[in-house]
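There are 2 protein chains.
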Amino acid sequence: MNRREFTRNLCGAAFGVAIVQASVAQQKSHEMGGMRHPMPDKPEEIAMLIYPGMTALDLIGPQQVFGYVMGANVHLVAKTKDIVVSDTGVGVLPSRTFADCPSVVDILVVPGGGKGTITLMNDDQTLDFLSEHAKSARFVTSVCSGSLVLGAAGLLRGYKATSHWAVRDILPLLGAELVTNRVVQDRTRITSGGITAGIDFGLRIAALLRGDDYARALELTLEYDPQPPFGSGTPEKAPANIEKMTRSMYEPLHVAAREAALVARKRWA
Amino acid sequence: MNRREFTRNLCGAAFGVAIVQASVAQQKSHEMGGMRHPMPDKPEEIAMLIYPGMTALDLIGPQQVFGYVMGANVHLVAKTKDIVVSDTGVGVLPSRTFADCPSVVDILVVPGGGKGTITLMNDDQTLDFLSEHAKSARFVTSVCSGSLVLGAAGLLRGYKATSHWAVRDILPLLGAELVTNRVVQDRTRITSGGITAGIDFGLRIAALLRGDDYARALELTLEYDPQPPFGSGTPEKAPANIEKMTRSMYEPLHVAAREAALVARKRWA
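Chains as they are written, first to last, in my numbering: chain C, 1387 to 1655; chain Z, 1387 to 1655.
Just so you know, the hints here were simulated from the structure itself, not pulled from any lab data.
These numbers come from a predicted model, not from an experiment.
Treat the hints loosely; a few may be bogus.
Note: identical chains are not told apart, hence a pair may lie in one copy or across any two.
Taking lysine to aspartate or glutamate pairs in the EDC-like style, the calculated list, with each CA pair at most 20 Å apart, reads [claimed, not checked]: (1) K1501 with E1563; (2) K1630 with D1598; (3) K1623 with D1598.
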């Protein structure tokens, strides 16, 4: 494949249906912009769990990045083929079910959410799916409160991990060591902070898969030069009254998540 | 409604199905965290256009914010009720069609995309829908290359506007004055830069609707304290070779968008 063909393909990925030719994916590296980039022996399989009550932005932040990674197959995996409705009412169509998801995936991703996420923390079918696929996955990952589900499955025991600020203190109950960075990698586990952290997370995964220059090009494609209007994106940076009020909103969820964690850990503690 | 009831409702919006009580929305202000926040006389109707080939993150960035704005009705509007597939293969279910969208909406939003967006630039049915709803909308808005569709409909003539960096130079062909800020408001028109700019855009709209403190709480809810891994999110900030390569990927799209603009302007020029 010459540079022009490559460019056309990547443009296709960036701007239409992601057309990935097996011949490309079988190359171990390719030339782009005068640089060589690593390519996999075969397309990576990325399985993103979707479920009722998930936060759509937790899912779509990294999905948009992964979808632009030439040579990766991105699956939205649910229990059934039924439409999955997010916490703000977005209906998303699963592309795979637990039954027809590739048995070996390279990356397993669990997005967060609210009550739906807490329900998953004690959903045997979901925890079994995650545990089974985590055995062979290269990276077991999460965005936002998705780490509580990984933790409930026992998959964060002995690992450093993070979560949405409002519930991250629950992680130690699930055997994880809480680290409050925006993206935390500890060996095969990569967890990230609340909602928008999924974009930073996605770009870091892209860099792990294709190298820093490839990820730089994706960052530019996403025009990811954020300008938060208020600078109140963490409990530490927000004005005290805003932090207090927002935390109070999360209190019922925090209580429920803690209770779910205490039940879930009986599976493996 | 007392503070506890309000908290429960906002928590519901943040963490489950958005439960909005008309009684809440009919208040003109409410107390939150010791502060008063403006509330609308009636729920705002926010219509977000969805179409094949849209960039899902353009849509979901602001949708996640709007979905957390208590008292707003957020509609995903397509030509038909068929699943709409994004540029990276995410299937999204429309909640409304052109036919059953509220005839008067407060905010009209057009997300961007690639080839699908260019197709819309000369799609009469879509341009008519936008033109009709723009007449009464409080804000006519876009994320990323969605502004090219607004421009094609003649809705940016005489307005300052922006778009994704790779195609924004086309805006003057559509009668707009290009401004390269991340979010550009000119009277009733609010346009934003590429893909991830939709989050900044969404938070600014939230501030317009509910005040800065409310938007600060949403920024904290979204944990929007971004840490771009590479700092290459604009053509100016990216290394020269990355910028050159990425721009070359966009070249076919740029050519097509320019041609579409020249055709579209014949409708009204």
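Within, between, both or neither, where K1630 and D1598 count as close if Cα-Cα is 20 Å or less: between (39 Å within a copy, 16 Å between copies)
Status of D1598 relative to K1623 across identical chains (alpha carbons, at most 20 Å): Only across copies: K1623 and D1598 sit 15 Å apart there, 29 Å inside one copy, limit 20 Å.
Status of E1563 relative to K1501 across identical chains (alpha carbons, at most 20 Å): Neither way: K1501 and E1563 sit 24 Å apart in one copy and 45 Å across, limit 20 Å.
Consistency with the previously given hints fails for number 1 only.
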